[in-house]
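Visitor: Now for the letters of each chain:
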Amino acid sequence: MLDVQDIATAYGKIEALKGVSLSAAEGRITCLLGPNGAGKTTLMYSIAGVLKPRRGTIRLGGTDITGQSPAAIVARGLALVPENRLVFPQMSVAENLEAGAYQRRDSAEVATDIERMYARFPRLKERHTQLAGTLSGGEQQMLAVARALMSRPRILLMDEPSLGLAPLIVEEIFRIVGELNKDGVTIFLVEQNVHMALRVAHHFYLMEQGRVTFSGEPGKLAEDEVIQRAYLGTSRPTSEHKTG
Amino acid sequence: MIAVDLAQNTLDGLMVGSSYALLAVGFTLIFGVMRRLNLAYGPTIMAGVYLGTASFISFDAPILVVLAIVIAGSAVVGLYVERLCFRPFGEAARTASMVASFALWMQLEEAATHLLPRHMNPFPALTTSPPIEIGPLLLRVDHLIMLAATLLMAVAVTYLLARMRLGLAIRAVIDQPRAAAIVGIRVERIMMLTFVLASAIGGIAGFLIAATDTQVTAMIGMWATTKGLVAMMLGGLGSVKGAIAGGLLLGVLEAHAQWFLGPQVRDMVAWGLLFVLLAFWPGGLMGTKALDRTMAVGRRV
Chain F
91 MLDVQDIATA YGKIEALKGV SLSAAEGRIT CLLGPNGAGK TTLMYSIAGV LKPRRGTIRL
151 GGTDITGQSP AAIVARGLAL VPENRLVFPQ MSVAENLEAG AYQRRDSAEV ATDIERMYAR
211 FPRLKERHTQ LAGTLSGGEQ QMLAVARALM SRPRILLMDE PSLGLAPLIV EEIFRIVGEL
271 NKDGVTIFLV EQNVHMALRV AHHFYLMEQG RVTFSGEPGK LAEDEVIQRA YLGTSRPTSE
331 HKTG
Chain H
5 MIAVDLAQNT LDGLMVGSSY ALLAVGFTLI FGVMRRLNLA YGPTIMAGVY LGTASFISFD
65 APILVVLAIV IAGSAVVGLY VERLCFRPFG EAARTASMVA SFALWMQLEE AATHLLPRHM
125 NPFPALTTSP PIEIGPLLLR VDHLIMLAAT LLMAVAVTYL LARMRLGLAI RAVIDQPRAA
185 AIVGIRVERI MMLTFVLASA IGGIAGFLIA ATDTQVTAMI GMWATTKGLV AMMLGGLGSV
245 KGAIAGGLLL GVLEAHAQWF LGPQVRDMVA WGLLFVLLAF WPGGLMGTKA LDRTMAVGRR
305 V
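Protein sequence lines correspond, in order, to chains F and H.
Taking our numbering, the leading residue of the first sequence gets 91, the next gets one more, and so forth.
Taking our numbering, the leading residue of the second sequence gets 5, the next gets one more, and so forth.
By construction, these hints were calculated from the structure, which means they are not laboratory data.
One thing to keep in mind: the hints can contain errors.
Claimed, not checked - Covered stretches of chain F, as calculated for chain H (at least 3 residues, CB under 8 Å):
1. 172-181
2. 189-196
3. 299-308
Here a beta-carbon is modelled for each residue, glycine too, at the ideal position from N, C-alpha and C.
Isolated chain H, as found in the complex:
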């Protein structure tokens, strides 16, 4: 029954991987405009999710209200991170931004554990429908919703970047910030908007993850940063398509690793894969062409 196992793992991996993909899309947008690593990205999402779960615990808020609170909370905390860690420093002071974002990571985790002191907190379930059976395969309905939501977000972000005025400005800032300023784009404003947008996208990912787990701990912050980071690096920095591909690939590989080699090996596979990719394809899977490889390496933190 190895074929069934392989198929089931691949499906599970794609669905879990879709949440990594969404995390990576937000991460890559922030990295693209800032060219600096935001270590507080995951904790920003965690803060949004914690505000959502607090409203669920305290007021029994319905799931759509929780979703709205998570998105708005992540966006506002994202703005806070941008103001404190990124706006004050120029691109030249990359280390300052990264260390500052680490400090905010600690601060946000601390704040979250004061808001909800219990280690584990309940989160409303996306759905209670039983899994769908297709022959020998089982599909969780909430995972299907997660996959569908990710695809929808991917289409929306791609449309924004390819067709809308704001998207043109975001790509211009990613591509050549000085030229963007010269043609009259308000670069700092675009950076701020992208940062808030990316944090909100991360919030959607965080909501989907928490709602399929139906519980949340403050560890989701670090978890989201690392999964998003690996998926982003796999796909190549600054590429939305790459981020999605990287997230799905990471999910599938983890699912197989967990099934065939055991849960302890799961994370090791992700990091090992990242190492191999960076050593042999430093531009990532879809990020940059071979010609730009040196530039891609140079742009890495």
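The shape of chain F in the complex, shown without the other chains:
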């Protein structure tokens, strides 16, 4: 479904991605683990078209999408749940969902999908007239996921959905990730919560300092070692540009 080949992305002279290759298989949950500053968020933004890679190719369902605009990539069926959620704080919950369906012209179907989101996330229904900025962190995360789903994506990219959330909420988020996947959505997930990530992932990658350093099934590497490498990295920490 998603195939990334030798992607390099830089902020000025600082290269955050130094040739990353990985793929996310259709219908699967693929997880990317790695310490802060490994380049995970940079990779997510590069795939979604927000950042332009210097070299390499990104293919979505066989089509080359490298360097395309975020709008064109959304139209091809990719949606991103960004790091820190980035809901529209001064817009209501319902308007956030409408914005998620911005490219769709089938307004009747959009209304049905909004009802579907309310069924899946009852808290959003309770708060549908409330401004998104007034929601709790967990509710904002639910909203960010629902907003991304409103474009009816074939593949959902999720960047640290558990960031800063209480354990019970994290459980719920991962339950939803599993459910979405059962419904046929391909998921590519960036996480710091190694334990939860390895529980849901079909395949995972480790990324350190802008490079992929491990690829395999959960269980191929002891969880202790994954944690060691995902949080601390194998080599000494450097003063690399922090990208989350």
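Model the placement of chain H on the given structure of chain F, informed by the hints.
Guide: Chain H in isolation, oriented as in the chain F frame:
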């Protein structure tokens, strides 16, 4: 007769203030999507008004044709400003955009004085009807038209923002530009459309002001920037309702100040009020809630 004076000043102030409100609506839309100050906003309007008055002087164009020329001229010049001062620089280079817009302000004033070298130029009158008398109060018909036009525009802009697809995109870009890009909104295109729309709204304000004065000088550019800026800041950045309230309030206060303290004090009151508001309610009257105050300050230029 102080009660009559107060009532007359308030009415005059509301009607003149409605033009400030319209200026501020355009200003706040541009500031909202760009988060950068467009100093060439007033001069853009001046350029549109000058094209209108040139067509009036040269071809004796009827007033509705002049209106169309002013709106179209402001929109086109607005696009020119966006291309030169805003599109090339990112949000990070706020100072570059502001200084570039200052340069275009000078350029537009220069161009206007070459187009019409006389200091003062005639502009077609909105109406020649005598003022309406209501008891001891006098109401100018052209000022009433200005007030009505402003209210109509306010309703139209509110409807656009609240109910239309373009309005949803504009609000999304104002609220969280990166998220707007992520959901598939073409952010640069929305910025450009908003900029042109806001310049056209400013053009309508400029037309109404020139048509009630029945004359225009190149100074209307700076005048429109400062009045629009003060009204926008009073109301709070990025709020259309606030911009309207700020414009009306500024008009009323100026009218009272002029009547009771003299014309020299008029502008001083506006700036003094702006200072007090920024010192004690930095979010503006209706812009942002107390919780967002730090953010509101941070978002100021």
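Visitor: Determine for every hint whether it applies to the structure shown.
Guide: Outcome of the hint check:
1. 172-181: Our answer is that it holds, as 7 residues pass the Cβ test (under 8 Å) against chain H, meeting three.
2. 189-196: holds (count 4)
3. 299-308: violated (count 0)
Against the hints set out earlier in the document, a violation occurs for number 3 only.
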